[in-house]
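For the sequence shown, the numbering used here assigns the number 6 to the initial residue and increments by one for each residue that follows.
Since the hints were made in silico from the structure, they are not lab data.
Everything numeric in this text was worked out from a predicted model, so none of it was measured.
Treat each hint with caution, since some may be false.
With beta-carbon atoms standing in for the labels, derived distance ranges [unchecked claim]:
1. Asn86 - Leu51: 28 to 34 Å
2. Lys91 - Lys121: 38 to 44 Å
3. Ala22 - Phe55: 26 to 32 Å
4. Pro36 - Arg58: 28 to 34 Å
5. Asp151 - Leu51: 30 to 36 Å
From the three backbone atoms N, C-alpha and C, an ideal C-beta is built for every residue, glycine too.
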Amino acid sequence: MVLPPDLIASSYFWLLADRWLQFTFMPLKNPELLWLIIPVWLNWLLTEYFQERKTTGYGNAITNGFTMFWVGLDSARTIVNEYVKKGLAVSTIHFGMVAILLGYGTAIMIEAIKGKKIAHLIGRIREVTYFTTIAIGIINNAIAFDIHTIIALLLFFPVFYLGMEVFLRLLPPTKEELEEDEEEEQPKPMRKK
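Using the sequences and the hints, build the whole thing.
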(Lines of atoms letter the chains of each structure in order from A and count residues from 1; the text may use other names and numbers.)
(Lines give C-alpha, C1' and ligand atoms only; values in the text may rest on other atoms or scores of the structure.)
Protein backbone atom coordinates (compact mmCIF):
# COMPACT_ATOMS: atom_id res chain seq x y z
CA MET A 1 0.00 0.00 0.00
CA VAL A 2 1.40 3.36 -1.06
CA LEU A 3 0.43 6.39 0.97
CA PRO A 4 -0.52 9.63 -0.77
CA PRO A 5 2.13 12.38 -0.58
CA ASP A 6 -0.08 14.74 1.44
CA LEU A 7 -0.58 12.06 4.11
CA ILE A 8 3.15 11.42 4.22
CA ALA A 9 3.86 15.17 4.57
CA SER A 10 1.21 15.50 7.25
CA SER A 11 2.59 12.54 9.17
CA TYR A 12 6.12 13.90 8.94
CA PHE A 13 4.99 17.32 10.15
CA TRP A 14 3.39 15.72 13.22
CA LEU A 15 6.55 13.70 13.82
CA LEU A 16 8.53 16.94 13.83
CA ALA A 17 6.00 18.68 16.08
CA ASP A 18 6.13 15.76 18.50
CA ARG A 19 9.92 15.82 18.53
CA TRP A 20 9.91 19.57 19.25
CA LEU A 21 7.34 19.23 22.05
CA GLN A 22 9.45 16.52 23.67
CA PHE A 23 11.86 19.26 24.75
CA THR A 24 9.07 20.83 26.79
CA PHE A 25 7.92 17.59 28.39
CA MET A 26 11.30 15.89 28.88
CA PRO A 27 11.42 16.69 32.63
CA LEU A 28 8.27 14.59 33.06
CA LYS A 29 10.13 11.59 31.61
CA ASN A 30 13.30 12.28 33.58
CA PRO A 31 12.55 14.25 36.79
CA GLU A 32 16.27 14.68 37.51
CA LEU A 33 16.30 17.21 34.67
CA LEU A 34 14.06 19.50 36.73
CA TRP A 35 17.15 20.65 38.68
CA LEU A 36 18.54 22.10 35.46
CA ILE A 37 15.38 23.00 33.56
CA ILE A 38 13.48 24.88 36.30
CA PRO A 39 16.24 27.45 36.97
CA VAL A 40 16.88 27.90 33.24
CA TRP A 41 13.19 28.41 32.43
CA LEU A 42 12.50 30.57 35.49
CA ASN A 43 15.49 32.75 34.62
CA TRP A 44 14.18 32.96 31.06
CA LEU A 45 10.65 34.02 32.00
CA LEU A 46 11.72 36.56 34.62
CA THR A 47 14.47 38.03 32.47
CA GLU A 48 12.23 38.16 29.41
CA TYR A 49 9.46 39.98 31.29
CA PHE A 50 11.38 42.30 33.59
CA GLN A 51 14.58 43.06 31.70
CA GLU A 52 14.53 42.18 28.03
CA ARG A 53 11.10 43.22 26.80
CA LYS A 54 12.69 45.98 24.73
CA THR A 55 16.33 45.06 24.35
CA THR A 56 19.18 43.06 25.83
CA GLY A 57 21.74 45.08 27.75
CA TYR A 58 25.38 44.11 28.02
CA GLY A 59 24.92 43.10 31.67
CA ASN A 60 22.03 40.84 30.73
CA ALA A 61 24.05 39.30 27.91
CA ILE A 62 26.90 38.54 30.32
CA THR A 63 24.48 36.91 32.75
CA ASN A 64 22.83 34.92 29.97
CA GLY A 65 26.21 33.78 28.69
CA PHE A 66 27.22 32.73 32.17
CA THR A 67 23.99 30.75 32.57
CA MET A 68 24.78 28.86 29.38
CA PHE A 69 28.39 28.36 30.47
CA TRP A 70 27.23 27.02 33.85
CA VAL A 71 24.87 24.54 32.22
CA GLY A 72 27.83 23.43 30.07
CA LEU A 73 29.94 22.86 33.19
CA ASP A 74 27.14 20.95 34.88
CA SER A 75 26.64 18.89 31.73
CA ALA A 76 30.34 18.02 31.68
CA ARG A 77 30.02 16.92 35.32
CA THR A 78 26.98 14.82 34.38
CA ILE A 79 28.88 13.15 31.57
CA VAL A 80 31.75 12.27 33.89
CA ASN A 81 29.47 11.03 36.67
CA GLU A 82 26.92 9.17 34.59
CA TYR A 83 28.96 7.79 31.74
CA VAL A 84 32.65 7.62 32.50
CA LYS A 85 32.34 6.36 36.09
CA LYS A 86 29.78 3.75 35.05
CA GLY A 87 31.85 2.65 32.06
CA LEU A 88 29.26 3.74 29.53
CA ALA A 89 30.27 4.96 26.11
CA VAL A 90 30.20 8.72 25.64
CA SER A 91 29.36 9.90 22.17
CA THR A 92 30.94 12.78 20.34
CA ILE A 93 27.49 14.38 20.33
CA HIS A 94 27.62 14.68 24.12
CA PHE A 95 31.08 16.24 24.06
CA GLY A 96 30.10 18.43 21.13
CA MET A 97 27.05 19.81 22.91
CA VAL A 98 29.10 20.54 26.03
CA ALA A 99 31.75 22.26 23.92
CA ILE A 100 29.08 24.36 22.18
CA LEU A 101 27.53 25.38 25.52
CA LEU A 102 30.90 26.35 26.98
CA GLY A 103 32.07 28.07 23.79
CA TYR A 104 28.84 29.93 23.07
CA GLY A 105 28.48 31.06 26.68
CA THR A 106 32.08 32.27 26.72
CA ALA A 107 31.66 34.08 23.39
CA ILE A 108 28.57 35.91 24.66
CA MET A 109 30.37 37.04 27.81
CA ILE A 110 33.47 38.18 25.93
CA GLU A 111 31.52 40.10 23.29
CA ALA A 112 29.36 41.78 25.96
CA ILE A 113 32.39 42.73 28.06
CA LYS A 114 33.97 44.27 24.95
CA GLY A 115 30.74 46.17 24.33
CA LYS A 116 30.19 44.66 20.88
CA LYS A 117 26.73 45.08 19.37
CA ILE A 118 26.56 41.39 18.44
CA ALA A 119 26.16 40.64 22.16
CA HIS A 120 22.63 42.08 21.94
CA LEU A 121 21.74 39.42 19.35
CA ILE A 122 23.61 36.30 20.44
CA GLY A 123 23.14 36.98 24.15
CA ARG A 124 19.36 37.42 24.23
CA ILE A 125 17.76 35.20 26.87
CA ARG A 126 15.24 33.73 24.44
CA GLU A 127 17.89 32.25 22.14
CA VAL A 128 20.13 31.22 25.03
CA THR A 129 17.26 29.39 26.73
CA TYR A 130 16.14 27.71 23.52
CA PHE A 131 19.58 26.31 22.80
CA THR A 132 20.31 25.48 26.45
CA THR A 133 17.08 23.47 26.74
CA ILE A 134 17.96 21.59 23.57
CA ALA A 135 21.44 20.81 24.86
CA ILE A 136 20.11 19.58 28.22
CA GLY A 137 17.74 17.19 26.48
CA ILE A 138 20.38 15.82 24.13
CA ILE A 139 23.18 15.54 26.69
CA ASN A 140 20.92 13.70 29.12
CA ASN A 141 19.56 11.37 26.41
CA ALA A 142 16.00 12.60 26.99
CA ILE A 143 15.56 13.32 23.29
CA ALA A 144 16.85 11.36 20.32
CA PHE A 145 19.37 13.42 18.37
CA ASP A 146 19.05 12.87 14.65
CA ILE A 147 18.22 14.79 11.49
CA HIS A 148 14.53 14.93 12.45
CA THR A 149 15.40 16.67 15.71
CA ILE A 150 17.53 19.22 13.89
CA ILE A 151 14.78 19.91 11.35
CA ALA A 152 12.16 20.23 14.12
CA LEU A 153 14.32 22.67 16.09
CA LEU A 154 14.92 24.86 13.05
CA LEU A 155 11.34 24.65 11.80
CA PHE A 156 9.69 25.50 15.12
CA PHE A 157 12.12 28.17 16.36
CA PRO A 158 10.09 30.95 14.68
CA VAL A 159 6.94 29.55 16.31
CA PHE A 160 8.65 29.68 19.70
CA TYR A 161 10.06 33.16 19.08
CA LEU A 162 6.83 34.71 17.80
CA GLY A 163 4.73 32.91 20.39
CA MET A 164 6.86 34.47 23.11
CA GLU A 165 6.50 37.92 21.51
CA VAL A 166 2.71 37.60 21.51
CA PHE A 167 2.68 36.28 25.08
CA LEU A 168 4.79 39.21 26.31
CA ARG A 169 2.54 41.74 24.59
CA LEU A 170 -0.47 40.26 26.36
CA LEU A 171 1.11 40.69 29.79
CA PRO A 172 0.64 43.95 31.66
CA PRO A 173 3.51 46.46 31.48
CA THR A 174 6.13 46.45 34.21
CA LYS A 175 6.37 49.26 36.74
CA GLU A 176 9.39 50.70 34.91
CA GLU A 177 7.52 50.74 31.61
CA LEU A 178 4.61 52.58 33.22
CA GLU A 179 7.00 55.13 34.71
CA GLU A 180 8.68 55.63 31.33
CA ASP A 181 5.29 56.23 29.70
CA GLU A 182 4.38 58.80 32.38
CA GLU A 183 7.67 60.64 31.84
CA GLU A 184 7.05 60.79 28.09
CA GLU A 185 3.56 62.21 28.63
CA GLN A 186 4.73 64.97 30.99
CA PRO A 187 5.10 68.34 29.24
CA LYS A 188 8.70 69.44 29.08
CA PRO A 189 9.46 72.81 30.64
CA MET A 190 10.24 75.56 28.18
CA ARG A 191 13.78 76.83 28.18
CA LYS A 192 14.45 80.48 28.76
CA LYS A 193 16.29 82.24 26.01
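Going down the list of hints, with the structure as the test:
{"no.": "1", "hint": "Asn86 - Leu51: 28 to 34 Å", "in the structure": "holds (29 Å)"}
{"no.": "2", "hint": "Lys91 - Lys121: 38 to 44 Å", "in the structure": "holds (42 Å)"}
{"no.": "3", "hint": "Ala22 - Phe55: 26 to 32 Å", "in the structure": "holds (31 Å)"}
{"no.": "4", "hint": "Pro36 - Arg58: 28 to 34 Å", "in the structure": "holds (32 Å)"}
{"no.": "5", "hint": "Asp151 - Leu51: 30 to 36 Å", "in the structure": "holds (33 Å)"}
Every hint from the earlier list agrees with this structure, and none is contradicted.
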